[in-house]
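2 protein chains.
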Amino acid sequence: MTSFETGLKETASAVEAALSQRLADENIPAQLAEAMTHGTLNGGKRLRPYLVIQTASLFGISQADAMPTAIALECIHCYSLIHDDLPAMDNDDIRRGQPTVHKAFDEATAILAGDSLLTLAFEILGHKNSHPNPAIRANLVTRLAKAAGAAGMAGGQMLDLEAETKTLNEAEIRRLQLLKTGALILFGCEAGGVLAGASEAELANLGRYGKAIGAAFQIKDDLLDIESTQETMGKAVGKDEAAGKATLVTNLGPDQAHLELDIQIDKAISALEIFGTRADTLCDLARYMKSREK
Amino acid sequence: MTSFETGLKETASAVEAALSQRLADENIPAQLAEAMTHGTLNGGKRLRPYLVIQTASLFGISQADAMPTAIALECIHCYSLIHDDLPAMDNDDIRRGQPTVHKAFDEATAILAGDSLLTLAFEILGHKNSHPNPAIRANLVTRLAKAAGAAGMAGGQMLDLEAETKTLNEAEIRRLQLLKTGALILFGCEAGGVLAGASEAELANLGRYGKAIGAAFQIKDDLLDIESTQETMGKAVGKDEAAGKATLVTNLGPDQAHLELDIQIDKAISALEIFGTRADTLCDLARYMKSREK
Numbered sequence: 037m038t039s040f041e042t043g044l045k046e047t048a049s050a051v052e053a054a055l056s057q058r059l060a061d062e063n064i065p066a067q068l069a070e071a072m073t074h075g076t077l078n079g080g081k082r083l084r085p086y087l088v089i090q091t092a093s094l095f096g097i098s099q100a101d102a103m104p105t106a107i108a109l110e111c112i113h114c115y116s117l118i119h120d121d122l123p124a125m126d127n128d129d130i131r132r133g134q135p136t137v138h139k140a141f142d143e144a145t146a147i148l149a150g151d152s153l154l155t156l157a158f159e160i161l162g163h164k165n166s167h168p169n170p171a172i173r174a175n176l177v178t179r180l181a182k183a184a185g186a187a188g189m190a191g192g193q194m195l196d197l198e199a200e201t202k203t204l205n206e207a208e209i210r211r212l213q214l215l216k217t218g219a220l221i222l223f224g225c226e227a228g229g230v231l232a233g234a235s236e237a238e239l240a241n242l243g244r245y246g247k248a249i250g251a252a253f254q255i256k257d258d259l260l261d262i263e264s265t266q267e268t269m270g271k272a273v274g275k276d277e278a279a280g281k282a283t284l285v286t287n288l289g290p291d292q293a294h295l296e297l298d299i300q301i302d303k304a305i306s307a308l309e310i311f312g313t314r315a316d317t318l319c320d321l322a323r324y325m326k327s328r329e330k
Numbered sequence: 037m038t039s040f041e042t043g044l045k046e047t048a049s050a051v052e053a054a055l056s057q058r059l060a061d062e063n064i065p066a067q068l069a070e071a072m073t074h075g076t077l078n079g080g081k082r083l084r085p086y087l088v089i090q091t092a093s094l095f096g097i098s099q100a101d102a103m104p105t106a107i108a109l110e111c112i113h114c115y116s117l118i119h120d121d122l123p124a125m126d127n128d129d130i131r132r133g134q135p136t137v138h139k140a141f142d143e144a145t146a147i148l149a150g151d152s153l154l155t156l157a158f159e160i161l162g163h164k165n166s167h168p169n170p171a172i173r174a175n176l177v178t179r180l181a182k183a184a185g186a187a188g189m190a191g192g193q194m195l196d197l198e199a200e201t202k203t204l205n206e207a208e209i210r211r212l213q214l215l216k217t218g219a220l221i222l223f224g225c226e227a228g229g230v231l232a233g234a235s236e237a238e239l240a241n242l243g244r245y246g247k248a249i250g251a252a253f254q255i256k257d258d259l260l261d262i263e264s265t266q267e268t269m270g271k272a273v274g275k276d277e278a279a280g281k282a283t284l285v286t287n288l289g290p291d292q293a294h295l296e297l298d299i300q301i302d303k304a305i306s307a308l309e310i311f312g313t314r315a316d317t318l319c320d321l322a323r324y325m326k327s328r329e330k
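Protein chains in written order, with the working numbering: chain A, 37 to 330; chain B, 37 to 330.
In isolation and in its complexed conformation, chain A is listed as follows:
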């Protein structure tokens, strides 16, 4: 394991501890709390919270101070997985090697657990623990809602479902992916700057970094879907092809997709130049987008 991967893993443990603490609320009906926990504390990579924590650390903000925003973002990501796995959506039985929430419980509970995690993200961000300055909290709330909503991630999922019955061109695939996975990753990268009250120029560079690694993440995901196995991934593979879904990989071919992956990683790294060596870990993260095996 590289030192980057060790760091990612350590952060993942801290994120899980914070999530676990936040989900322990005796006012939540027991079955709903269990389903929220099942859909959250299941061994994800915690890439999105890692982005918040690392971009915040560029500006000297501690992991503890970035953690509420980090876990709010992870709540949104986990809710989206729970709902995407539902029979009416992608109909997946296995996620991270475990039964999906609607398999472990039932569909109604999975819908409510997703709704509850989505709502919890905003409860966390609105609370003064996420930042002492309410203007920054309100800014984060609006940004995360835009990233997750109908003109962001949820809209991307809508386009993804439509893609099962129609053929998308390259521009349409890029739009879909920018919304479906790009928007939350972009939020994660900008969030550190927002927490720090960064300058417009700094935020713009974080945004360029976020867009590039979001694109790289998705290309790698689509490559893994054709090149990896269910055993390694902990979820079904080959599903895009089976469902007739166009991705950049099917559209450009694997060789061109690998090339595009390299280009995006270079873009991501060059966007961080203004931060100098402080951004070394974020550069490692960009390279990890290519090297990761699941």
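A couple of the hints might just be wrong.
Any copy will do: because identical chains look the same in the list, a pair fits if it lies in one copy or spans two.
[Unchecked claim] Using 20 Å as the maximum straight-line C-alpha spacing, the simulated EDC-like pairs for lysine to aspartate or glutamate come out as follows: (1) LYS275 <-> GLU200; (2) LYS81 <-> ASP261; (3) LYS164 <-> GLU41; (4) LYS247 <-> ASP320; (5) LYS202 <-> GLU329; (6) LYS202 <-> GLU70; (7) LYS281 <-> GLU198; (8) LYS326 <-> GLU70; (9) LYS139 <-> GLU198; (10) LYS330 <-> GLU296; (11) LYS275 <-> GLU198; (12) LYS202 <-> GLU143; (13) LYS281 <-> GLU46; (14) LYS202 <-> ASP142.
By construction, these hints were calculated from the structure, which means they are not laboratory data.
Position chain B against the provided structure of chain A, taking the given hints into account.
Here is chain B on its own, set in the frame of chain A:
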């Protein structure tokens, strides 16, 4: 139509105009936008936004200034109806006399439309249009998230689903209803005070009013479910009894339930005494909780 009902209807029109304007966003995929509109602009009474507007007006806040908070609350209410109607939940085909969202579109679209409206509520509240003071916006975000989340409305829906397979006692029924419908109504009543920076004493009285009319609303709903018709209600009736769901009406019997309804309305009106004649409309609203026919 009484002058109270005329006022309620006028406000509903203004709420619908504001919702319609907010949903017209060309960045939202077309089918998703249509489903969100179908689930929102369908002739509801708009009681919850009316509560926000009327409690804000107690403190001299204009309808226009209260409107963003009012429509954020209505987005949450409409999302909850879309998800509650799903086959895995209450499995309803008709709502407000129209096909439910999953019947007019499909289940996946209904899930995403609900998710999107839930998210939009927080995008609206976080934005400076909802109040110039970010501390008040962040406060509203946290309060609404608590009211709607796992220890609020979503938790109540979980208990409601569980009630189909187990028998609840009176205390359990009251807890369920406090969460499932009470929490959002309470938010609507307190929101006007929060927008105005009201005193603790004023907020406490708004809270007493909110709890009482929330309880009255639910009792009346359960009475209508046994006393009214699908034609009048625009949705299926007699469903609680058919599903074996305990309500205060089945638990106490209709006579006792009517008595309890009167008690809650008296409580609501007495909580408004400190506001004098400024609260006349809110007192009319409490009485309307008993007289309404759907």
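- Item | Hints violated by the structure (listed by number, smallest first) | Numbers 3, 5, 8 and 13 - these are the hints that the structure violates, sorted from lowest upward.
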